[in-house]
Amino acid sequence: DTAVSQTPKYLVTQMGNDKSIKCEQNLGHDTMYWYKQDSKKFLKIMFSYNNKELIINETVPNRFSPKSPDKAHLNLHINSLELGDSAVYFCASSQATGRLETQYFGPGTRLLVL
Amino acid sequence: QKEVEQNSGPLSVPEGAIASLNCTYSDRVSQSFFWYRQYSGKSPELIMSIYSNGDKEDGRFTAQLNKASQYVSLLIRDSQPSDSATYLCAVTRRRDDKIIFGKGTRLHILP
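Line by line, the protein sequences give chains A and B. Converting from the first sequence to the working numbering requires adding 33 to each position, the first position being numbered 1. Converting from the second sequence to the working numbering requires adding 392 to each position, the first position being numbered 1.
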């Protein structure tokens, strides 16, 4: 009964490669998010989509491109990977946007760029 | 000033005692406040949410909010070793409803 799932769980790759991370939620939520948690455990929002539309786009290099084919899926593609991209990437979802909404997190994807 | 600030710890508390975790925020008009718990190698999970001044209790957990002083705290009564984790304070920014996380406080319950 996985609520928010991500694939892959681990990703080890070389600098310069292109990779994708997939996220799916079966909670019927309208809003999905991508967060990056660095080695110091700081959790920072990258993108947010509501009903397949981009609503939050933080100051993230344009090598990062999210795509939402439907409201249950939000994928993250990263071009030309750099060492500094190594982190844990969490997908999350909430019922809707708004300040009262609880976010439910996926298990995370641990990305290591060599 | 950082938007959400927490002492990174580690905070060591004997088993059975009360653990007190604090968080301050800079956006005076924020209205939603959350505490998430994150075990090592796991994803954050919601412990408490609070929207009004005062205390909100849920089992061994009590969230306290003081909007005038711009701080929110989490008390854990009868601390257990299983409470050892990093606790993330999160605040929703009024102007864009974006949730801002603090860096977290590592809590260690000593058996």
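Mixed in with the good hints there might be a few duds.
What the hints assert, rightly or not - Here are some chain A residues pointing at chain B (derived, C-beta under 8 Å):
no. : residue
1   : Lys73
2   : Pro94
3   : Phe97
4   : Pro140
As the list claims (entries may be wrong) - Straight-line C-alpha distance at most 25 Å; calculated PhoX-like pairs for lysine-lysine:
no. : chain 1 : residue 1 : chain 2 : residue 2
5   : A       : Lys104    : A       : Lys74
6   : B       : Lys394    : A       : Lys73
7   : B       : Lys394    : A       : Lys55
Claimed, not checked - Partial pick of chain A residues on the chain B-facing surface, computed with a CB cut under 7 Å:
no. : residue
8   : Tyr43
9   : Ser98
10  : Pro102
11  : Thr135
Source of the hints: derived by calculation from the structure; they are not laboratory data. Where is the CB? At the ideal position from N, CA and C, for every residue including glycine.
task: Please name the hints from earlier in the document that this structure breaks, with their numbers sorted from lowest to highest.
output: Per hint list: 2, 3, 5, 7, 8, 9, 10 violated.
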